[in-house]
Each structure stands twice: as structure tokens, then as C-alpha cells.
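Participant: Spelled out, the chains give:
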Amino acid sequence: MRKNLLAAFAAALLISAFLISAALAETVNWTAIRGARIVPVNGPVIEKGTVLIRNGIIAAVGAQVDVPASAWIVDGNGLTVYPGFIDALSSWGLPQTAQAQPPSAARGAQQQPQQPQQARSWGPLDRPGTFSWVKAADLLQPADPRLGQARNAGFTSAVVFPRQGIVAGHGAVINLGGRTAGEMVVAPDSGLFLALRPSGYTGFPSTPMGIMAYFRQLWLDAEHYRQALSMYAADPVNIPRPAYDRAIEGILGARRVLLPAADPVQLERMLTLAADLKTPAVLYGVVRGYEMAARLKQAGTPVILNVRWPARDRNADPEDRESLRELRIRDLAPASPAALSEAGVKWAVSSEGLDSPRAVLRALKQSIDRGLRREDALRALTLTAAEIYGVAARLGSIERGKIANLVLADGDLFDDRTRVRMVFIDGVRRLPEPEAPAPQGAAGRSPSISEEEEQ
Amino acid sequence: MRTIIPAAVLTVSALLAADVTVIRNGTIHTVTKGTFKGSIVILDGKIADVGEKVMTPAGARIVDAAGKHIIPGIIDAHTHIALDSINESSVSVSSMVDVTEMLNPESISIYQALAGGVTVCNSMHGSANSIGGRNVVFKLRWGADARGLVFDKAMPSIKMALGENPKRQGSPQGLQIPGLASPQNLRYPGTRMGVEDVIRGAFTRARAYQREWKDYETRKARGEKLLPPRRDLELEPLVEVLEGKRLIHAHCYRADEILMLIRVFDDFNIRGVTFEHALEGYKVAREIAARGHAASTFSDWWSYKVEAYDAIPYNAAIMHRNGVLVSLNSDDAGGAELMRRLNTEAAKVIKYGGLSEDEALAMITINPAKQLRIDRWVGSIETGKDADLVIYDKHPLSIYSKVEKVFIDGRQYFDRDEDMSRRPKIESEKEGLRKKVLEQQKQAAPQNRRPS
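Protein sequences, first through last, are from chains A and B. Numbering-wise (this note's numbering), the first sequence opens with residue 1 and increments by one. Numbering-wise (this note's numbering), the second sequence opens with residue 1 and increments by one.
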């Protein structure tokens, strides 16, 4: 009797669970943005049209789209829809470490706070500054206030990288919103971030030259490890068991490496290094792109532009005579995007070093004034960034089947007066959030002229 | 003395190739084949003919050198210019690093050195390590990229160092280089005996590594299935040294440490070493010469540290007279300073030691070329060699002389007159760019801005 009751209860539970899940599966969330100007990036602009979203995925785009009766309608009159912007090299959503902050300009003779005792490295086998097992996807903090700021500027995705040591770990393509950290991740293996400045250890290697030699040894060791593992698997009796090495395990999973190259000299160095590592490279920190375009095109290497254009230090000694080279770099750096686009180089932009996410658009506006086509600027912010990281099938344009990451602005993107009215991330609408005042003294930089103007 | 063939060949080839230059009527210091008034014919970057009378092909570019002096391009066997990293000082054996990949073709030192008549230099790893990194020999082809600078015919080499520099970072009392070493960051060795130990240890490990690979290759050839040894980028260059494929440039000062290193090299059967600085080389010149080792020194620069006190300006001459192959170098790092006047450095060995003009010039041309194993192509004015030439307005060993033109591979890379006439243009471009920035700032500034 009692058994029967229990069985009946269990059966009832099962049935109700089934019913609930079935109901969930059949619930389709339709959203339609109607009457808006649509800039899909991968095709011609639609002057007045509809974007239909089904469960977070773009279901249809066009001038004439049949909208289901159950759809939630967003009136797009007077608004322009762009694909959500992608910050191609970012730390949004990651814990901010002391290292990630820019070195503070020496104010007085204040001593740097005592660093914790770091391990002394004696050679490559100590795996100095190597965190190849670290994944940005494991570190995400959905409550990071910078995510809101970025959304306010029209960013819906970012490629974020851990930044400690010289082999910093694996980056992830993330959406800038989600109920959980896991929901934010679009691709957890977007590349291994490498740096050429010693950090996270003392001792070997202490120079960029030593670091490059270390990278070569590390990749050789990885090749040896791979060979040892496969031989051991085939013959565990006669082949000695390879010692587990988490640093190398992390290297073996790297589908691309990010390497720094500001100028043509470093470009040649990094192309040689990437060839030695037998791993495709994405170059970051590019400053003199205007001189590198032809070589980059020839090598087929994409770049992440540093759009914090070089400027004379406001506190510089007015008597200082700058070299012609310095003056030329300052003059020509903002012309890099146009040169790269013209040469057909894949380039995207990073918000790094800029005061706010919105400053990315202002920096690109300067490049538009120097001959960059608006559509190329937009492409860099969206589809090209997605292509560089191999997620263009899901992000980067307003196209059927792609993730519904969208920006709705009340005018042209690069117009200073334009405001972002809302963004969609995975089809979920997010309205602009009130921005906290700029963190006092966090960056140690005074606001620029244009910012004061805005306030 | 000279071959007759080129004249006949020239007339034909001149019709085909337009790239002919003739430097006419100068005093030619060939260094190896005497000094005379004559002309040099340059064809496709090589010296096609040199002599008192040469055939001038039709259509050749003529450089009139009447009243001028021509010497082979100066070769600096020991510098650190144009490198973005010099010292990997964290470990005492840093043979895994190579300064070649740190060569910066945009470094202004290259142009400055060029203006002093230098056409080839050996830019080396620093002296913080018992065994340092690999070096790069390059031609000062100002404007080329890094790969275009490298003189790839030169034999590969590696840096070594003895004495104070490699030991000071191992001693708590030692002079600490800021940023490089700290008391918590000490490394072995801290004494001269430790330096010897590190060198012997490294070459012993290299021998074992060499054997390990040989062993693997023979067993593999027998058909055994086995895991190859781990490749070691630190030991690979040292194996090349043991196999005679890589030269050594060893920084040293004192006679005792020079003898120590000679003994170490005897034990490991290593030949072809150049002792760098070697300020006490005059005390052990015969021992250096007996093994066929060479020396690259300063003319009269010393007393900048304890181990550099017992030096004399006759060092180069004494070593030379005892059969040592001697060159004079600049050791320039931050900028080309001494490099711009290596000709007067050479002149000093005439004053101190009474060497001949040719012997003096040889110490900055053919001798360093021999030390770098590039004397087949550069180092003297001879038919068939690269047209690396310097035109001085006066005798090159005079302190009043100035470099007027420099050719590398027959191409003119420096011209004093052109340099002077270019300067106003550069200044006006700078001024224009500065004004442009100021204007942009004005436009960007808000109109209603008030002082707060």
C-alpha cells in the first residue's frame, strides 16, 4: 500500500517534470525591432526594416519580415541597429589585479608598494611567469561595473585575456552580460596571451631577448612532451612515463598566440617567432600600423590596433626637442586604420589604455577624419574582430542564425551626439545604466579635454 | 701584381650592367697591397678593378676623389649598438639567447657609426655572463630592415666574459647593476674561480648532450624505437663551439684569467678564440699567439675599474709584434661614440709602438675581418672584394680628417654634403608637424573653457 502510494507519487512527479520541460521547450521568445534603419555589416544597409529575434538568435532581417503575433515589439523608429561591438583585446569582466593597471606616473618619489616575494627562476624548466593553464573563462565576474559602461557605449562582446606573467593564459570571447559567468562565454579558447616584459617572477628571463628564447624552448618542450606521450601510450613498458607538466598541457591547447608588435621592427621579430612556434599569431599593441600594412597583408597576420593614439605628454618639458621620428609617429598613427583597410589587413580594436569604452569610438572618429571609411571602422568593431577569433559564424553581423547581439543608437555611430538607446545581448534587451563617476585616481590620469567638454 | 683580366671583362659587362661606379684619382690605402694614387672600379657592388690606371667603362658614375684618401670600410669587431636587449644577466650561462633577433635597424647609432667610416660591425651580447648570448655581424646598410643588415657570411659566434662583470652579480659585496640584480637575486658565481667552474661545467654538459644525441642517432639507425633526447637551446650553441662551428669572443682583462681560459680551451680542444679588451694581453702575448688565438683591444682606454688598471698604450703593438692577430674596437653601446673615430684609435698605435700606417689601418680593417672570418669579402681594397669603401678628405690617420662618403656593396650610404643639405628640410618638417599638433589641440579645446 505504502509502496503503491510512493510509486504513484513518483510517477506524478515524473509526469509533471516532463510537462514542465515540454512547456519550456515550446515557449518561443520572439522579439522584433521594427521600423529601424539596419546596418547589418555583411550586406547593404536597410533603410527601414525589421530584425526578428527567436530565443536569442537572429531569425530574420529585412525590409519585409513576417512578425509572429506573440512577438514583443520594439519600436525602432529613428533608431539605427548595428551589430554589437566587440572589444578585441580586453580585461572587462576579469578580476583587476595590481599588474593590470598602468604604471602610475611618478608622483613625488613615492616608493612602489612592496611586491610579494616572487620565485627566482634559473632557467626554462622553472617555467617562469607561465600560466598557460589559466583560462579567462574561469575567472569571469558578471558583476564587474565595467560591463555596464561598455554596454552603454555599444559593446556587447569582448575578447578577454588573463594578464599575469609572460605566458598569461587563454582568452575567451564573452558576451557582456548573462545571468551566470558561464552564460557569458561564447568561446573559451580564443588564444594564448604572450607578453615580452618580465613579470610575475625574478631571474630568467630578464629581457625580451631571453623571453623569446624561453618561448622557443617551451614550444620545443611541448613538442617533445607530445611525442613522449604518444610513444608512452603505445608502449608503456619500455618508454619512460613522461612527467605531467601543466605549463605544457596549456601550450598544447593553444590554437593561436597573441604577441606584441608596435612597429615594423617588432613585427619582423614576432613573425619569425610565430613561425618558430608553428602557431598562428594575432599581433597586439600595434602603433605604427601605417608602415606595417603591406608586410602584414603579405604574412596574412591580423592585428589588434592600439587606438590610444600617441600624444605628447601634457607635462612634458616644453624645451624638449622631439625627434622627427617621434613627431611623424604622432602624426601618422591615427592614419593606420585607413592604411590597414586599404591593404586588406584584418584589424580590430582594443579599448586598452583608453579612459572609457566610448573613447574607442572617438579614437576611430579621428581615423575617419584621416581617410578611414565609416563602414571599415564599423567592420573592425564587429565582423572583423569575430573573424580574427574564429567566431564569425555566431557574432559580428546582423544575419539570420547569428547570436542576437545588437546596438540601437539614435544616430550615426561616429557622431559625437549619438547616444546608445539600448543593446541586445543574446536577445535580452539592456537599457543604458547610470554610470558611476570615473573612479578617482584609479588610473592616475587627468581627464582629457574632450571629456571635460562632454560633462 | 694586379690581374689584367677585369679590364677586358669590364668593357663587355659594362654594356650589360649599368651599375658601375669609378672612384677616380684618390690616394688608395688598400691595407694589404700598398698605398698609391689611383682609381677603383665598382661593378655590381664588388671591386672590379683597382690600380693607378683603370679602364673607365662608358656610362659609369664617376666619383672624383682627387686629393682625397680612400680606405676599406672600417670593421668594428666589438660593439653593442643597435640592439634592443644586450644582457640576459639573470643566469651565468645565457647561450640560449641571440642578439640577432634584437637588432634594431632604426637605431640612429647605425647612421652615426656610418658617418665615422664603419661599414661592418660585430654587435655582441653583454658581459654579465660567464657564457653569454650569440652575436650578430652586420653591415651598416642604413635604411634596410634587420634581415637586410645581417652579414650572413660571417661565422656564427658567442660571447663569453671573465672577471668582475660575470662575478659581481654573485657577490653580496659586488657592484649591483640597478634593476638587474639585487641581494635577493644573487647568482653563482661570485668569484673568478667560480667563473672558471661555470665555464668548465657548461662545456662538460655540452659534451654530454652531444654524446646523448650521437648515441640516439646510432641506436635509431639500428632500428630501435626510442624517444629522442630533449632539445636544449642553451647547450646547442656550445656543441657548435666544441665542433668548431662557432667562434668565441671572450671579454677579459687580466693576464691570469686569460691564461686560465687558454687552459680551459686547451682541455676542450677549442680553437679560434678572440680575447676582447685583453688590457693585460701584452703580458701573455706569446701564449695567446701560440694557440692561434686573437685579441681585440682599446688603444689607450683604461682605469675605469680595478681590473683595468695595469694597462699600457703599447698593448696592441706588443701583442702584434708577438704574432697575435690584433684589432681595435669601440665597445660602444648607448650610441656610436668611439666608433665614429676608430681611425684615430688606429693612429695611436703608431705613436705608441711605432707600427707602420698599414699595420695601424689593418687593426680596424683586415684584422677584425679575419677575427670575424669575413676577410674573404671585406677588410681591404682588392679586386673581387665587396666595395665597402670610405673616402676621407685628408689622411685617415690624421685627427683633422673627416669622412666624406661611405660605400657599402658599392652603394653610397653616407655623404657629408647631402647630410648637411638635408638638415634644413628636416627642421622645417619638424616645425610643420609641431604646428599641426598645436592647431589640432586648439580645435579640440572647448570654446567656452574658463580657468578654474
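Be careful, since some hints might not be right.
Each computed SDA-like pair below joins lysine to any residue, with the alpha-carbon atoms no more than 25 Å apart [to be verified]: (1) B:K442 x A:P240; (2) B:K436 x A:V237; (3) B:K430 x A:P240; (4) B:K436 x A:R362; (5) B:K348 x B:V306; (6) B:K153 x B:K348; (7) A:K365 x A:R321; (8) B:K436 x A:P310; (9) B:K442 x A:R325; (10) B:K436 x A:L324; (11) B:K220 x A:L324; (12) B:K225 x A:V237; (13) B:K436 x A:P240.
These aren't lab readings, by the way, just hints derived from the structure by calculation.
Participant: Of all the hints numbered above, which does this structure not satisfy? Sort the numbers upward.
Facilitator: Result: hints 1, 2, 3, 6, 7, 11, 13 break, sorted rising.
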